[in-house]
Every structure is written in structure tokens, then in C-alpha cells.
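Protein chains in written order, with our numbering: chain R, 2 to 165; chain L, 3 to 515; chain A, 139 to 627; chain V, 70 to 172; chain X, 398 to 1021.
No lab work stands behind these hints: they were computed from the structure. Values in this document were obtained by computation on a predicted structure and should not be read as measured data. Hints should not be assumed to be uniformly reliable.
The calculated lysine-lysine pairs, modelled on DSBU-like cross-linking and capped at a C-alpha distance of 35 angstroms, are [stated by the list, open to error]: (1) A/Lys-294 x V/Lys-126; (2) X/Lys-773 x L/Lys-483; (3) V/Lys-126 x A/Lys-495; (4) X/Lys-773 x X/Lys-605; (5) R/Lys-83 x V/Lys-126; (6) X/Lys-566 x X/Lys-874; (7) A/Lys-621 x R/Lys-83.
Every beta carbon over 10 angstroms from chain X, so not counted as near; a handful from chain V, in silico [claimed, not checked]: (8) Trp-78; (9) Thr-81; (10) Lys-126; (11) Phe-156; (12) Val-167; (13) Asn-168; (14) Ser-169; (15) Lys-171.
Going by beta-carbon spacing under 8 angstroms, a handful of chain A positions derived as facing chain R [to be verified]: (16) Val-161; (17) Ala-165; (18) Val-168; (19) Pro-171; (20) Leu-173; (21) Phe-255; (22) Ile-274; (23) Ile-278; (24) Leu-332.
Here a beta-carbon is modelled for each residue, glycine too, at the ideal position from N, C-alpha and C.
What follows is each chain in one-letter form.
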Amino acid sequence: MDVILFLIFALIAVVCAINVVVQTHPISSALSLVGVMGSLAILYLLLGAEFIAAAQVIVYAGAIMVLFVFVIMLLNAGAETKKGRSYLIPGAPLLVVFLGLTAYYVQRLFPANTMVTFGGFTKGGPREIGEALFTTYLLPFEVTSVLILVAIVGAIVLARKEIE
Amino acid sequence: MNLLLTVLFLPLAAFILALAIPRSTEERASRLWALVSSLGIFVASLGLLAYFNPALSSEQFVTDVPWIGTPNIHFAISVNGVSLWLILLSTFLTPICVLVSWNAIKDRAKEFYAFLLLLEFGLIGVFLAQDLFLFYVFWEVCLVPMYFLIGIWGHGRRIYAAVKFFLFTMAGSVLMLAAIIFIYNKTATFSYPAILSMLASGRLVFPPQEQLILFLAFFVAFAIKVPLFPLHTWLPDAHVEAPTAGSIMLAGVMLKMGTYGLFHFCLPLFPSAARACAPWICILAIIGIIYGSLVALVQPNMKKLVAYTSVAHLGFVVLGIFTFTQPGLDGAVYQMLNHGVSTGALFLIVGILYERRHSLEISDYGGVATVAPWLSTAFLITTLASIGLPTLNNFVGEFLVLQGAAIANFSWAVWASLGVILSACYMLWMYQRVFYGETAHEVRAHVPDLSPREWAAILPLIVMMVWMGIYSQSFLAPVGKTTALVLDQTTKNVPTRVQLPVHNPSAEVAHVR
Amino acid sequence: MFVSPAFNPQDALRFLPEIILTVMGTALMVLDPVLHKRSSYAFGHLSILSLLAALAASVYAYSIGGPAFGGMLVVDGFATFFRVVVIGVGILTVLPSYRFLSQQHAETSEFHALLLFSVAGQCLMAASNDLIMVFIGLEISSIASYILAGYLRDDKRCNESALKYFLLGSFATGFFLYGVAIIYGVTGSVNLTLVRASILSHTPQTPDPTFIAVAAALMFVGLAFKVSAAPFQIWAPDVYQGAPTPVSAFLSAGPKAAAFAIFLRIFVVAFEPIGSRWEPLVWACALASMCIGNFAALLQTNIKRMLAYSSIAHAGYVLVALTARSETGTAAAMFYLASYACMNVGAFCAVSVLTGKGERFQSIEDFKGLGRKQPFAAALFTIFLLSLIGVPLTGGFFGKFYIFKAALDSHLVWLTILGLLNSAVAAYYYLRILVMMYMHEPGEAVEASEPLAPSLGLALLLPALGTLILGIFPTWVLEFATKSATLVK
Amino acid sequence: MMTAVPISWFLTLSAILFALGVAGFLFRRNIITVFMSIELMLNAVNLSFVTFSYQHKEVAGHLFTFFVMVVAAAEAAVGLAIILTVFKNRSTLNIDDVNSMKN
Amino acid sequence: MQLWLIPTFPLAGFLINGIFGRRFSKSLVNTVAIGSVLLSFLWVLKTVLALGDLNTAHLEHYFTWIQSGVPGGNHYINIGCDFAIDRLTVVMLFVVTGIGSLIHIYSIGYMAHEHGPNFGGYYRFFAYLNLFMFFMLVLVLGASYLLLFVGWEGVGLCSYLLIGFYFDKKFATTAGNKAFIVNRIGDFGFSLAMFYIFINFGSLDFDKVFHQAASAPEWVLTTIGLLLMVGACGKSAQIPLYIWLPDAMAGPTPVSALIHAATMVTAGVYMTARSWVIYTHAPGAMDVIAIVGIATAFMAATIGLAQTDIKKVFAYSTVSQLGYMFVGVGSGAFSAGVYHLMTHAFFKALLFLGAGSVIHALSGEQDMRNMGGLRKKIPITFWTMCCAWVAISGIPPFSGFFSKDAILLAAYQHSPAIYWIGVLTAGLTAFYVSRAMFMTFFGAYRGKAHPHESPAVMWVPLAILAALSLFGGMLFKIPEFLKASFPAEAEVENPMLMYISVAAGLSGIAIAYIMYLAKTGMADSLARTFSAPYRLIYNKYFVDEIYDATVVNPILGGSRIVLWKGIDSGVIDGLANGIASRCRDVGGILRLLQSGSIRSYASWILFGGVVLIVAMGLFGGLPR
């Protein structure tokens, strides 16, 4: 059951991710990315990360991707033109090596006896997360606000109208 | 008030004050200040001479102030019988440099004289430093003012020459820095006397291979500075392009940084490596003597010619040092001083000629003796000193060096003596072409005889040439003590023997008891 | 007030510099509508004041040092050292930006606010002992830096610089994060002390060092990117060239110092047990950085670009200290970064003397005759350049000396020799600037240059003094660095 | 335990997604798509974090994921603003056109 | 005894004239110059008279000149400024100061018209002459090899200065250079000899060296002797280093007389005689000296046969006569060598001064083909020169006869071959001197200038020298005087040998008479008949050309093309610049990484990352 669930959504995620890469039109990529994120949210649930799954859908697939789509629309970005050189030749072999290595390490270091079952971990709910956030992770949490502030200021500075 | 510190820091103070001279009064005020202050420094350094005890071989006026805690660096300075003279040489030549630049330097005079004083500071520091780190500091400090002196006030290809000068020296000195650090890591001190006493007591031993590498690191830095064949090519360029004062200081004192380093550091620190390498170094020195002379022979440019003669003369110094004999070392030291005086004078007069005729090409001259007899006479005396005529200074040095070489290996003396023949060839040939012959119109029109200021610059040098040539005792007495000490160290500090295989000097090192 | 078990009031005091900077940054923007009409310099003054306050707070925090927020932060000598350095860099960035911003007619309040935030992020990095804090601090600093790099939004080069910095920075951060994830996966912790303990433990759970090594490699990508070490240096020339000059100054020193701080913490604390694995790698990166930086700089004509390459090379020198894997090495890296901050920021400030409106004059040729027209600026620039070359009596020399001493201590003979030879190569391109300034007649740029503004003069003088003090009387700083090099493990 | 999924599968998926993100960065020319590829990489990392969190049976990984999301959001805001300014100045979104500074 | 005063007088003269001479009148210059030399002559006289028989050397120490090391230590060098006087020195002192004084006086007349293109030629000339006297006296008085070397080099310097006296003339300065440099080559040997002496004997003082020399191994002494001989060859113009002396005639004639005939060039002989202890224990070296001497004597004499420049004839004659002296010392007849040294000083100085008088009379003409018949026009010169003529030709009882005979006698004992060549040379000598006399003073006048007799200041010294040439040999029996100084020489009387050499001289004169006075066309037709040998000797065996082609030009060209342009600029600088430009090339390649494209940058980052992962993960680190 879990295996089937995993396989389905993993497949969706991978296919969508491939689509992100192969589509020439940014809007298609954006929508595929949303697909990836959605599938990941399901997998998060499988891993017992309820809160993160929700945040994934709301923050990531929702807010952030909307922003992307919005900008794509705003700039009226079309399909990209095929000019300049392709980085397939240096990039692809490197990627294959990278992937191969990572997969090899994963297989070697995480033997099949560690299994994930749905419900095997249940502490990923909002309550536990919240508790952690306001105790152990208080400082990062507070500091994150600065990060957001910076982002806001930055967006304002950069997107402001021309200087008179 | 510590006399040594005074001598060392007076130039720095003078440098700072020179910088403070207001721009409006620039030229006159700054050159006057430079003259007054450099004369003052000279007088102060004479005090050093007065209070120096020539009967002692040890370092004198020892001043040791902790400078940096970790690593343990001290501001340790002192004087020995050799550095004493080199300091005096620096302080003696600086006022002369000021005098010779009097009218030649109009542009940015303030900076010029300031750099000259800074250079003096660095040079004195190099000869005084008794802390390896401090030595390196002064070593590099000298580089900067000279770089500017060449680069700003030099002639046509000055920039190339200045950069070449800087990079050649830098490339060598970084190796020395590495070696210094290595020694520190081994001994936990930069104090040179402390290291020497460790060596003497056997608490510190450089194993053969290590000693050889360290020696080479020091040696390359010094050899570039000397400059020893085949690392000499920066020198002709630097000399040709440098302003007169720069050439005088460069040839007169800066080159001695290298030979002093060889003498004062390389020998006592790495005696067995030095001895093992000595034959090769002597061969290089002899090649330098002959090679420098031969190349000087065919130079069409006066300064370049004199520069190549420096290669040859410094070859004698290096040869003398690596003979490991008392006369050789004495002669080498004496030759350092001689070269400072006589080559300084050569550059001075070439500079005077340049100031008049605006050319350094030998072919642009001819018949100067007719219009400027005293100038010619002065140059003749200098020339004769430079080719080692007895009764003038170089003879004494060359004699001792060659005698030392002959003791060490007679064939060295044979080959090196060839340089003495060649020196006559190139110097007299140049003298003939510049001063003799029909007087060209341009020369007649533009080359007056010496002015009183120029006399003031050149007369002390000539007096020194004669004095040093006739009564060498007044100079050699303190030198002998120090050289004897160094010689002693090179025989005593040899717990392990470095042996070089005959065929390949850099290959493996055998350890032989 | 909500009191968590991980919090006590003293933690807040240890966190004071960041608080001050954040609050003041926010205040600047709040004050913008009020102050903007009167004097745009007011923001500069304010930001300097807040930086000074933060400086004081850092010193104070050191006096009550210790871990804070449950080990998230560690306020020790090391952290304080880097806090002081990055705040110092901040001050030295504010000074030249007075004139720069008015010259370019740019807004001042946001600039200073972003600068303060960025410095706050760097302070956080310096003090953090937990990969979460490292990450967040890094991001605060980076995001603010991205914006600062593109601050002149109408300037094409500026945009490009910001875009490159941003995209590549995020890309590299991705690798870093992946590394963090793996660390978390194999050790179950992101606290550096715990990571180290886990690696050192001898239980069945002891992670496979190979996997730690892979994580270290991935994190190395992100960190090396930030410190612009080879082979991840490639963004630096473009970004430094395009960014506004004071920002270039800031980027080349502040984030770099902070990134090195965490670099050191991570590699010397957490990954120290597998040091023999990463040492050759850092060795190679150090050498590559020195070589790439120095050799590529030889041919540059744009001075900012050249300084960028030089900063790559200097990152290489610091990596040499890291390679030494010793406390001396750490101290040497600290000292070097302090003197590097002085001389490099100073050099960029000197560049901004000349660039003019729209940053027109950036060529090395433009410095022709500066020594004649602006002797003071040229003299100070000379000090920076000599320090960058590594001439004694400057901080640069002593730093280099100390680094190579540490390297030789650890028997890195070849690295030392190659590094020193590299510094001889480097002398060439620094000398070229000296040649231009002193050995040529003034050109168009110098003739057009304005007299030195007092703030800019100060911006040159302070780092020059710093460079000289570090070169002549390094004892105090050195002793502090040596004392602080013992990191919490 | 037929239904259980080996943890390495999740990690492999994460690696694949990360690699695809990198591939997107390398092979796409549109700046926005490139940016999205970065988001893909972050997502991949997040999956790893959550997976490891499961393995360790604790929430630290979740927290990290949470912060990554926040950062991603902030980056998105700033990044898109930067892209906007680039577009305003150059009227192009082709990443290869943004190469006025080189060598 | 204040020996130091002897050289100091001329030195003072040099300094006074050299520094202030420009403002002096000519008479003041004369007073200073000649006064100083005369004072020194008088002081020599006083000293000699005061010192008595001088069977042992009288030594004076003034100050330490060079000192290295500690007394008794290894390689302790202590060179004092010591003067010593013994009988040999006395002879030299008298020759130097006596003839020096005469020539100084003569120069007043000869240089009277000197104003020339050069600044203050007059006072400069006298200053140089005085300086020469100083160095020559140091050479003679010095009590160690090094001090001798001081004078040795110093006289070389003065020779250089005086040869190049007319320094606007290129040939003159070139000749000066040549003299100095060739002398330097000789000094090369001399200095090596000194080093070798020091190594073996630990000192350079004559007394110490000679004290030990007798017990030294022969090969050491032979080496030293040969090296010293190289020095002597340079100074005394022996094969192969004689080439400078003929060129040295570019100087004013009094210089030729003083330096290049009477005093300086004989320094080699003096030095060899001084080192007799070494040589007597190194017979091999002696043989070499004798052979070199006789070869030089003969070769120079043949060259002298064909020269037309009057001074050149006498110059080659000098070379030849110096060869004789070498034969003398090389045969172990040191006193004979010194004897000939003295008589040669008389008659050769006279010949030169006479030639100078001729040249003076003809306003500078030196080519004998433009002379002739001058015996009527300048009779005093003619008659005084006749005295030298008979002296050099070895006609008894004039001075040359005694010394030459003594040498030939010794040579015969040493090796009859040398004797026979010596006799032949004597004939040649008589021939070419006669030839010069006939061409100059007999026949019809062939020149254009109007000859006039020289003033009294010139002919009075001529007359004195003439007297010395005639009777000096009889008056000053040097071998007797020096008997104590040198090892006992076998007293051999062989009248036959004497007759042969006298006959050779007479026949030389006779042949010259036939060829140049009786049958005037004969010389030319002989030259045509034997054109190849004639050209060979006329062109001095092409020795200068050979040296140029084999030594000078290869060195110059090699230095310029191979060393300077090749090694210095090409290899070393090329290497340095090559490294620099390779660095720049590397920089250029590295720059290419910076394509400006974000995606390429990302590729590099990926590349770096993958390499790192591979390296760290797979291999556990790079090899150290």
C-alpha cells in the first residue's frame, strides 16, 4: 500500500520535475513545479510530516508559485529562444556522475532494513512543531523575521519606480 | 639615549619630517633638509665608530626590545665589525646622493628625498638586525623606496626596470621567508644570537638534507640581490634606468645586502651546507666575474657597463666569502666597501655626465677630457680604483680575495684573476671612448667641468679610495675580528656534514660522520 | 514574557549586537519619511552610530561570553573577533557610501538598513554553532548582499551583478543545504558540537566517515562559494565589477570574513575528526585559488575586477591556514582576515575616489597620475597595495607570515613554497597600479576627479591605520586571535 | 512488511529531484525557469530533511524544512524583484543575454 | 735613513704640479718637477754614501699596509709598507733617478711648444713624469713582492697615461690601452706568482721568501719562477707580450726614452734578478727565460731591420735588447743582465732622446725616408747619437760592449746555441742602428721641414748620456759591484767569443754602410727579391693581426653576440620574461573561464562539486 502510494507520487514528482526541465515555456515549467510540490506534500504525509505537508501546499505550491506565475505573466515571458550554447555536453555527464554517486552512497549507507511506513512517525503535527519552534528553535524562528524584513525591503528597493 | 637606535631611527624621523615639508617650498626646502639630515645621520654614525671597540669580535651596542609576543619577535639590533662599515657606507653615501640629485631632481623633489631617507633607514636596519624576522622586515622595506626611486625618477624604461627589480628580489626573498619560518618552528625563536648559541652548543642541529634546503633558500634570496650569475639580469636594467642617486645607493649599498646576508647568515647558520656548496658557488662567482667583465666589454651604454662591472666585482666578494679562509673573508668584506665607494663614484660621475649631455651612450661622448679636465681626472682615479690599481682601494680587497681563493683552490685564483685583466680592458676602453679623442661639438657645448657642489660630492669618495688603498688597517682591523668569528663558527657549528655528490649538486645528500 | 527552557535573559545580551543592528535597521526605514527631506547624510551617521553601538555590544557580549539559546549561538573570542571584523567592515563601507550615494542619487535609508541587516546576518554567522543558525544567518547576509549588489537598479552592470550573485548564490546554497541534510541524516543533529561528538563516538550509530565526507564536500561547495575559493570563485569577478564600489568593498570583506568564520567552525570543529580526508582537498583548493586569482589578475584592465581576482587569491591564502588544521592556523586565518578586511576595503575605497558618477572610471589606466593629483589618497592606496603584496610593516605581510608559519608548522612545505611564490607573482599586478599612480602623468579620470571628501578620506585613513597597526604592532590582535582560536568543540 | 517503503527510496528520489533541479539550472535559458529549478533543488533537499526526520524520529528535520521554506519565500521575493529590474533594463529574460561582464 | 723620502719627492712634485700646475708658469712647473727628481737623486746619493758598503740590505718599516688574520694564525697576511736598499737597488736607484733627471731636463726643451689641443699639456706631462718616478722608485725600493707590484702597476699606469698623452689622437690612446692591458696580462702571472709564493712561504717579504726558498721543492720554485716570468714578459716586452712596446712610441719621445727604454721596461729584469734565489733553484724556469729572451731578441731585431719610423726602429731595438737582458738573467748571469740594463739605459735613452731631437728638429717628422743628411744641420745631435751607435753595436770599449759581452759569455756557458743566435742578433742590431743612422744623418736631405738644432736644455742631457754611453761601461763595473749580491758566477775568459761578437757588430755596420750609403739601390732590390720575408718582417710578422684575429675579435664578438645578446638577453632574460609571459598566458587561459554566462558558471560549480564528492567520497581524499 505505502509502496504503491510512494511509487505513484514519486513517479509524478519525477515526471513533473523532468517536465520542469524540458518545457521551454516558463508557465509550463511553473505548473509542473507545482505538480512536484504537490506530490512531495503527499510523500511528506507518508513520512508523518503533517505540518510540513500543509505548509508545502500553502506556502510553496500556493504562495511562492503564485508569485512566480504572477511574474511570468507580468513580464509576458514567452517560450525561450534557442540561442547561445547548450550546456548539455558538460552538464549531462556531470549530472549522471553526481546522481550515480549519490544513489550509490544512499544504497550503500541506508540498507533496506530501515523502512518507512505510514504512521511510523507521528510527531510531525502542528503542535509538536509549534512547541519546538517556541522552545529550542526560538532564536531561528525570531531571526527568520529579519530575513523576511530584508526580503521585503529588498523587493521594495528593487521594484520601486525610476529615480526622479 | 641609545646611540644605535638613534642612528637607526634618525633616517626614519627625517623621512617623516621630509614628508611634512609643505608643498609650496618643496624643492629647495626638501633638498636642504635631506642634506642637513643625512649629514647629521652621518655624524651620528661616526659616533658609532668612535665608541666601537675594534678589539672585540662580539656584537656591540646590543639592543633588544621585545616587539611581538607570539611569535616571539624582538627588535634586536647590534653592530659588528662588518656591519659597522656597511652602515657607515650607507650614511656616507646618502649625503652624496643628495648632492648629486641637487639639480637633477626637480619633479616631486620632496618625495624623492623622502624615499632616499627611507631607503637609508631600511639599509641601516638590514645591517643591524639580529632577529631573523626583523632582518626580513628591513630587507623588504628597502625594496619599496628603491622601487619608487627607479620607477618615478628613472629614465626611459624605468617602469620595466623597477618592476623587474621588485619581482626578482621578491621571488628570491619569499624563499628566505619560508626558511626563516621553518627555523622558527624548529627553534621557537627568531633571535639570531640565540640560534647561533643553540647551534654552537649542539642543542640545534640541522640534518644534512634540511640544512641544504634551508641554505639554498637563503642563498637564492641573497644571490639574487648580490647578484650572482645567472640571476643578475635585473641589475643592468635597474641601473640603467635608475636616477643617479638610485644607482649609487643600489650599487653602493643595496647589493651588499646580499653579500652581507651570505656572510652573516648563510655561513654561520648552515656551515656544512655552505661548505659543501662552496665549490659550486665559487664557480658561479668566477663565471660571474668573467662573464660580467666580458659583457661589460661590449656595452654601448655607460651605466650598463658599470652595472655589469658590478656583477663582476660582486663575484669577487662571493668568491671571497666562499673560500672559507681568513684573507678571503676579509677581502670580501673589504671589497664590499670598496665596491660601494668606487662604483658609487663611477655612477656619480656617469650621472654628472648625463646631467650635462643627457645621454648615457658612450658613442655620444668623446673628448670630454679636453673640456672637463677635473671631471676626467676624477673619473680616471675612479676607473683606476675600479680596476684594482695598487694604492687605491680595490686592490687591497681583490688581493685578499684572490689570495684566499688561491689558498682554497689555486685554479679559482687563476680564473678569477682573468677578471682583473678584463676589468682593465672594459674600463679603459670606455674611458678612452668617453674622455679621449676629438671633442665633439655637443660635448664642447654642454659639458662644463665640475661645479663646487659636484666636487663636494666626489672628493670624499676619492679621498676614501686613496685612504682605503693605502691605509687599509684602519678599516680591516675591526673587520678581521668579525670574519674570524664567522670563520670560527663555520668550523665549530658543524655537527653534521653535508656532502654533495660530485655530479649533481641538488641530488641526494649523504650523511657522513 | 514567554520564557522558554532554552532562553534566559543573558542570552539576549549575548545576542545584543544583532539586536541593535536589526532594530536600528528597522528604525532607519521607519525614519525615512521623517529624515529624508532634511539630510540624507543623517542615515549614514545613524548607521555608523548603530554599528559603533553594535561594536560596543560585541565587546560587552564577549565579557559575558558563553553559549546562548541552547547552544545555537556561542559567544566566544572567535565569534567576537569576527563580529568586530564584520562590524568594522560595515563602518568602513558606510564611510565611502556617503559620497557614493549622493553621487549616484540613490536612496540612502534602505541602503544603510540593508547594510545593517547584512552585518547582523554576518554577526549571527560568526556566533552560530548550529547549522540552522548558520543557514539563516547566511541567508540574511546573502539576501541583503544580493540587493546591495543590485542597488543601482538602473545600472545594467549592477543588475547583472545582482542576478549573477543571486542565482549562483542560491544554486550554491542548494548544495550547502543538501550537505546539511546529509549531516542531519547521518548524525541526527545539526549542532556542530553534537555533530563532532557523533562522528567521534564509537557506537553502532557512528556515521560512516565516507558519508560525512560527502556531506562535507557538499557543504564545502556552498562555503567555498561564499568565500570565493576555487573552483567556486567564478562569480566573484563579475559581481565585484558590477556592484557599486562600496558594496564591492563590503562583499569582498564582510560576507567573506563571516563565511570563513563558519567555514572554520564547521571544518575545524565538526569535521575535524575526518580532517585527514578533507585536508588534501582544501590543500588543492587553496593552491588553485591562489593560482587562479593571481594569474588571472595579471591581465585584468578593470581595477575592480582585478581586485576581485586578488580577493580570490587571498581566499586561497586563508585556505592555506585552514589546511594547517591547527590552532595556529585558525589564529592565522583570523588575523589574516582582519588585515585583509582593512586592506581590501581600503583598496576598494581608494577605487571609489576616482570612479565618478555612473562609475565611469574603473580602468587601471584611469589611475594614471593619481599620485600627483591626490597624493594623500594615492599614498594610502599605496599602503593597501603594499599590504596586499605582503610587504613588511603592513598587516598583509604579517598575516601572510603567520599563515605560512602555521602551514610550515603542519609540514605543508610545498603549499608554503607555492603560496609564497604565488605572492611574488601577485606583486606584479599590484605594482601595475603603483606604476599607474606614480609613474605616469595624470589622465582624464584623475583630472576630472573631485577633491577627497572628508568621509572618504576617513574611509581611507582608518583602514590604512588598521593595516599599519596590524603590521607594526600586531601583538594585541594576534594574542587575542591565538587565545580565541581554541574553538568550542 | 510488504507495504513499507525503504528509506533509501525517498533519498534516491530526493537525489533525482536535486539532480533535475541542477539540470534545469544548467539547461534552461529563461531566468525564471532557472530560478524555479533552484526551488526544485530546495524541495529535493526538503524531502531529504523530512525523510531523515522520520529516520531519527524527531522534528528537527521538519523545522529545518520549515526554515528552508521561509528562506525560499524570501528568496523568491528578492529574486523575482531582481529579475524584474534585469528585465526592465534589458527587455529580455534569456539568461545568456546577461553577460556583459566577462573575462 | 728616511728611504721614504726618495719616492716622496717626486710624489710631492706630482701632487703640486697635478693640482696647481694649471695656474703655474712653465718655469715654476719645471722647478717643481725637476727639483723634486733632483732632490730625490741627491737623497739617493746621500743615502748611499751614508750606508756604506751595503753588503746586507738595509730595511725600513713604515706602517702595515694590509693585514689579515692574527699573527701566528693560519694564513696570516701582513704586508708592511717596507723599503729596503741593497746593492742591486742602488744600481737601479741611480739609473732611475739619474737618467730620470736628465730626461726631465731634456723634456723642458722638447715639450716647450706643448700647448696643443689638450688642456695644460705641459704641466700634465711633468706631473705624469714625476708620478712615474714615484712608482718606479717604489718598485725599486719595495721590500716585498707586493710593494714591488705596487710600483710595477703604477709605472704601468704612468706608461698608459704618457703613451696616451696626446689624448685627442685615437692611435695614442689606443696604444696606451694596449700597453696597460698587455701589461695586465703579464701582471696576471705576477699576481698568481705572489699567491703561490704566499701559499708556500707564508709571506711576500723578500727576506722571508728567499730565506725559505732554498729549501723549497724545485717544482714549486719552477712554478713561481715561470709565473713571475709571465709578469716580466709583460713589463719587459718579451714574447709573446712584447707587442705593446712598439705602439708605445705614440707617446712623447722623452717618455719613450725614460719609460720604454731606460727604466720601466727593465723592471722585469730587475725583478728576475731580485728573485735570483728562486731562479737558481729552478733551472727549468731559467731555461725558459733564456729561450724567451733570445727568441725575443732575435725576432725583434729582424723586425727592426725593415722599419722606417725612427722611433719604431729603436722600439724594436729595445725589445731586442731586453731579450738580451733576459738571456743574461736566464743564463744565471744576473749581474750581467743588470749590467746590460744599465748600459742599455744609457745608450737607448740617448738614442731615443737623439731621435727626439731629430723629430723636434724636423717639427714632428718620424719617417726616416723623409730624413737624410742631417749630420750637418744638427751636428750635436748627430755626434751624441754616434756615441750611442757605437755603444749599442758592441764596439769596444764602449759601454754596450762590456755588458753584451758578459751576457754572451754567460750564454755560451749555458748553451752555445743561444750564444750563436745572440751573436747573429748582435750583428742585426748593429745593422739596423747603422741603417737608421745612415738614413737619418747621411746622404741627401729628403724632407720638407727646416731642421734646426735643439736648445741647450736638450743637448746637454744628450751630451751627458753620450759620455755615459761611451764610458759608463768602464766606469761602473756592475758585475764587480754586485758580486756579493748574486751567487758566484764562474769566471770564464774566452777572448775568442769576444772577437766573434765584435766582428758581428762591425760586419753589421759594414753591411748597412754598403746597402744604405755605398749602393743605395741595393736595399730596395733586396726587398724586392725577398719580398715575402721582407713583407713579413716589415709587417712585424703580422703578430698584431694574429692576436686580433685569434684573441681580441673572438672575445669582443663572442661577448657581444653569445654572452650579451645570447645568454644575457636571450637565455636568462628570455627565461625570466618567458616565465612572466607564460604566467600571463596562464592568466589568459584562466580568464577564459570567465565567459560571463551564468550557466557556464553554474557548470563550473557543479563540476567542482562533483570532483569534490568523488575525491572525498570515493577515494577518501587526494594523495598527499
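Right, here's what the structure says about each hint:
no., hint, result
1, A/Lys-294 x V/Lys-126, "violated (50 angstroms)"
2, X/Lys-773 x L/Lys-483, "violated (73 angstroms)"
3, V/Lys-126 x A/Lys-495, "violated (58 angstroms)"
4, X/Lys-773 x X/Lys-605, "violated (58 angstroms)"
5, R/Lys-83 x V/Lys-126, "violated (48 angstroms)"
6, X/Lys-566 x X/Lys-874, "violated (43 angstroms)"
7, A/Lys-621 x R/Lys-83, "violated (58 angstroms)"
8, Trp-78, "holds (21 angstroms)"
9, Thr-81, "holds (16 angstroms)"
10, Lys-126, "holds (27 angstroms)"
11, Phe-156, "holds (15 angstroms)"
12, Val-167, "violated (7 angstroms)"
13, Asn-168, "violated (3 angstroms)"
14, Ser-169, "violated (7 angstroms)"
15, Lys-171, "violated (3 angstroms)"
16, Val-161, "violated (10 angstroms)"
17, Ala-165, "violated (12 angstroms)"
18, Val-168, "violated (12 angstroms)"
19, Pro-171, "violated (13 angstroms)"
20, Leu-173, "violated (16 angstroms)"
21, Phe-255, "holds (5 angstroms)"
22, Ile-274, "holds (5 angstroms)"
23, Ile-278, "holds (5 angstroms)"
24, Leu-332, "violated (13 angstroms)"
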